[in-house]
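A.B. asks: The lines below spell out each chain.
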Amino acid sequence: MKKGFIFNSGRCVGCNACAAACMLLNGKEVRRRNVHIYNKDAYRHLPVVNISMSCNHCTDASCLETCPVKAYFRDKNTGAVLLDESRCIGCKYCTWNCKFQAPAFNSFKGTIEKCDLCADAISEGHDPACVNSCPTGALRFSDLQNSEKNRPLWIPKEESLYEFEGNYNPLPTEIIPETRFSTDSAKKTDKYSSSSEWSLTLFSFAITAAASLVLTALIKGVYPIGIAILPLIAFSISASLLHLGKVFRSWKSLANIRSSPLSREIAVLLLFSLLSLSTVIIKTPVLLISAAISGILLVISIDMVYLKPTGNRMALHPGQTFINMLLLASFLTGSPVHFIFTGIIKLFLGLRWTIKNEGFDNSGGLRFAAIAIPVILLAGTLSRKVSNDSLFMIFLLAGILADRILFYIDFKPANLSWYINNHLNLNRYEKKRG
Amino acid sequence: MEEYITACPRNCYSTCTFRVIVKDNAISRILPYPGNLATPEGPCIKGLSYFERASSPDRIIHPLMKKPDGSFERISYDKALDIIGERLIQIKDEFGSHSIFWYKGSGMSGLTNEIGSEFWKAFGGVTTTYGNLCWPAGLEAVRLTLGSVKHNVPWDIVNAKTIIIWGKNTAETNIQEIAFIAEAREKGCKVIVIDPVRTPTADKADILYSIKPGTDAALALAVAGILIERNYLDHEFIQKNLLGFDEFRSSLTITPEKASEITGIPVGNIVDLAEIIGKGKPLTIIPGYGLQRHYNGGQTIRAILSLVLLTGNIGKTGSGLNYANLQSYIYDDPKEPLCYYPDIEKDKPFKRTISMARLGAGMLSAEPELKAAWIERGNPIIQAPDSMNVIKAFHKLKFRVVVDEFMTDTAREADIILPAKNMFEQSDIIGSYWSPYVQFKPKILDPPGEVMPETEIYFLLAQRTGLNTDVLPGPGNDNIEKWLEKRISTVPGITLSDLKKGPVMPQSLQRIAYEDYKFDTPSGKAELYSADAKELWNVSPLPEYVYDKEERNEYPLTLLTPNMGSRIHSQFGNLDIIRNSFDQPGARISPAEAVKRNIKDGNRIRIYNDRGSVVTTAIVSARIPEGTIVFPNGIWLYEGGGANILIEARETDMGYGSAFHDTMVDAEVCTK
Chain H
100 MKKGFIFNSG RCVGCNACAA ACMLLNGKEV RRRNVHIYNK DAYRHLPVVN
150 ISMSCNHCTD ASCLETCPVK AYFRDKNTGA VLLDESRCIG CKYCTWNCKF
200 QAPAFNSFKG TIEKCDLCAD AISEGHDPAC VNSCPTGALR FSDLQNSEKN
250 RPLWIPKEES LYEFEGNYNP LPTEIIPETR FSTDSAKKTD KYSSSSEWSL
300 TLFSFAITAA ASLVLTALIK GVYPIGIAIL PLIAFSISAS LLHLGKVFRS
350 WKSLANIRSS PLSREIAVLL LFSLLSLSTV IIKTPVLLIS AAISGILLVI
400 SIDMVYLKPT GNRMALHPGQ TFINMLLLAS FLTGSPVHFI FTGIIKLFLG
450 LRWTIKNEGF DNSGGLRFAA IAIPVILLAG TLSRKVSNDS LFMIFLLAGI
500 LADRILFYID FKPANLSWYI NNHLNLNRYE KKRG
Chain W
103 MEEYITACPR NCYSTCTFRV IVKDNAISRI LPYPGNLATP EGPCIKGLSY
153 FERASSPDRI IHPLMKKPDG SFERISYDKA LDIIGERLIQ IKDEFGSHSI
203 FWYKGSGMSG LTNEIGSEFW KAFGGVTTTY GNLCWPAGLE AVRLTLGSVK
253 HNVPWDIVNA KTIIIWGKNT AETNIQEIAF IAEAREKGCK VIVIDPVRTP
303 TADKADILYS IKPGTDAALA LAVAGILIER NYLDHEFIQK NLLGFDEFRS
353 SLTITPEKAS EITGIPVGNI VDLAEIIGKG KPLTIIPGYG LQRHYNGGQT
403 IRAILSLVLL TGNIGKTGSG LNYANLQSYI YDDPKEPLCY YPDIEKDKPF
453 KRTISMARLG AGMLSAEPEL KAAWIERGNP IIQAPDSMNV IKAFHKLKFR
503 VVVDEFMTDT AREADIILPA KNMFEQSDII GSYWSPYVQF KPKILDPPGE
553 VMPETEIYFL LAQRTGLNTD VLPGPGNDNI EKWLEKRIST VPGITLSDLK
603 KGPVMPQSLQ RIAYEDYKFD TPSGKAELYS ADAKELWNVS PLPEYVYDKE
653 ERNEYPLTLL TPNMGSRIHS QFGNLDIIRN SFDQPGARIS PAEAVKRNIK
703 DGNRIRIYND RGSVVTTAIV SARIPEGTIV FPNGIWLYEG GGANILIEAR
753 ETDMGYGSAF HDTMVDAEVC TK
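Residue numbers (the numbering used here), protein chains in the order written: chain H, 100 to 533; chain W, 103 to 774.
Next comes chain H alone, as it looks inside the complex (with noise of 0.2 Å):
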């Protein structure tokens, strides 16, 4: 039988003391272990759950799956996920993918950290350094029994090394009087932001320019210009580059085609590079063709990577860079029937995503923008003929790149706290109570 963490929701009081027995072995710049608290303000209706969390060591890991240089692996003994941090190159794909915020992102090293189970203290009879120093026996190292009845709602169905005890769907406590406590409805719950990427924006922003001008050629039956592919595509890659922790590193990352999004779209933006150039000095259809299609698979490509981590999301978002591509390819190309049925799409998506989503409360101006530019461009078009006026392309390239920075806004990897805030939902409670 299998050892692995055993919680106990019910014991637990959120004193942070397994978080802090971690930091003191393992470094206080990353946290490896967190104790999430939700409802801590203590509305009401709802219980207040502690839960304390590293690494799951999942049966069906995504951080292992989807790295693109195969950092993870699995030990044999332990059953535990693994990182080889020699191998890390820092790229952070696994704290997207990874829902229960197990990989952690250290600066200083510029590699991703993650919980270890101790495997030293493991192999030498000992508990993990977390369940050593949890105070109340809320969090314990033991055989699992893997038994269906103590998976919460919230745990996706997936077999782990960490399993529940005890009562982890609470009642709330009963309050008196219950006027005493304000009655205000939950609070907005934290949410996980990926903080900005610029250096992923400017990336995915110049490989929609660099793609669109290919496939304009492509329809325009011209070569490109080497003037306009070559500086794109060095400052793509190079954008691309500063987003990660270890640069040495990153010719790893075509290791693991099979099953990274991430190591595909290194392939195909390899391809694509490789075959856009050569169109400059070998002009033939052929390889123009073939730089055409990959430039779509790339984008393409770009948009597989945000997929997973938000489970399908993002498929919609208006700032997607295929959709960005075909909307500045038929601009380039002078078809304004293609610009204004690209460009109502986008403006649809648009629309939708900020009435579904966010509304404008948060980046309001950058999401005005994102849905005005569009607007603004296809009355232009509709009122006059398509043009290469430079204001009119300008103001495209405005809107194209205030889309893919709402992209990166609203890129949010599905996360615990959406499963919690789901689980802990007002309307079940009011009705438990009757």
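The hints are simulated quantities; they were obtained by calculation from the structure and are not laboratory data. Note that beta-carbon positions come from the ideal geometry of N, C-alpha and C, so glycine has one too. It is possible that part of the hints are untrue.
Unchecked claim - Incomplete in silico selection of chain W near chain H, CB under 8 Å:
1. C146
2. I147
3. L150
4. S157
5. D160
6. Q278
7. E288
8. P368
9. V369
10. Y619
11. G667
12. R725
Said to hold, decoys possible - Derived DEER-like restraints, expressed as beta-carbon distance ranges:
13. W:L739 / H:S206: 28 to 36 Å
14. H:S206 / W:R566: 35 to 43 Å
15. W:K698 / H:S222: 56 to 64 Å
Could you slot chain W onto chain H? The hints should help.
C.D. replies: Frame of chain H, contents of chain W only:
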């Protein structure tokens, strides 16, 4: 690499035993010690933080002297001792030794603290304090009623069917007890928390009674009335072992309706509480220290005690009133709370004339006038009520010595700061006021820099000032262990070598307190009616609810100033590991009160009353009931603390405690 067993000497219930792995004179791991049955899972985050605290770069490791511009400079130990010796002798010659004030806080427990008394006795005596800031009203209440202060061993609580945590935030202040409460609850025990605030402890309870601060006695007495009326009584216990039942019954005037008006708890829920208490045997009530830091604190604890006495929930497994368990304080004579009282003092050299609760005013009006102060193990500038008066009293002195590990708000007021030892740098013996163990705390690290234990500072100072050093142990840890060995020989049954093996339970321990129904009171019974209460404290001999509202001013918010899980009073908040693990503390206020004042979460706010004002950060939290603002004690002034600036210096009804929680304030957004 060596491994030691040690115990945490902080002013805390748990007094955890833990193992320390030492490598190259530094701590490399802190691990639990399961042999202590009260703390088998090990220490809290503060205990773990010793890893950092022992070698913190912020530690004071050399003597410091204040320069005229207010900053400090390093001076040699010789020079520091020369100056201190010279100034003390000079002040003693000119104004008498009682113009020197000796203040000792609760920062570090241990028998070696007594060595300071020997020094000051030899010096000719000093002025010192009486009373205690923490818990004496409740101690005295229990002592008056039961004759001694003890309860069942902590782990016995798993046998309770009902647990009432009354004004204690166990989850933050005694976290190891949560393990036993959780175990009881897993076995079907009903857990009730009575507290104005929805604390993390309340999150673990079935029911929270959110009571108005200071009105607990009214609730208890109303419940007592219902218990009597519905005959939920242990008649045998009452007849044989309880004094004053009839007087108590006829004194009960608080009906559930009246109590509801006072406490804010609906009548039906008060009746429910009585039913739960009446039916849910065995019952353990765990009062905290917060609810006795009201003016009526002693009588409140006596009123709550009546509930366990009427129902016979005492002397049995799973039952009792777990206020404090002084059974491991076998070397103390007299025991708390008696040793806090001014008239008990047998040592003539000490003039105990300054009330802890009124420290500033007491220092300012002391006779003879105070000229110098020696502060150790304490941070009175921010921990004593009415801080502005305390600061004023410090400024009035001619000479101040502070012995501390860190640059606290009090250390900043010093003329000379001497570095203090930490818990790993000298052997000592400590008891606990919750668990039943006497524990040895070995010396396991050599102090950094020029740090030396207080005992050695006193020894060197005695040499320098020409005092008789025979009464003091000489330098070196061997001498301290010899002194300890001799010191504990007064109590048979425990030797130093026993203690060195691990925590020891004293022979006199009752695992189930009062199981023999012997009460060390004048009548030999548990005294609901206590003639001593009237005689010593001029309160009713029976528990009663008194709350003199006229002395409270017109401000609308009751200020509560509890302890935080991240600190012990003013200790630990300066460590990185604590700062990394907790949000910066501030004042918590309910959303409704915040809206009234246009306060938003994170705003800088000014809390004020007639005594002064404090600027801090607002935390708008639905945990806080309306009419209340919660601003923890122990936050340093520079980080936006200092609740005591606002708090009235007032003693509790008994025991010379401090009524911290009766202060009224208001709050507003800081415009600057």
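A.B. asks: Identify every previously stated hint that the structure contradicts and give their numbers, smallest first.
C.D. replies: Violated hints (numbers, rising): 4, 5, 9, 10 and 14; every other hint is consistent with the structure.
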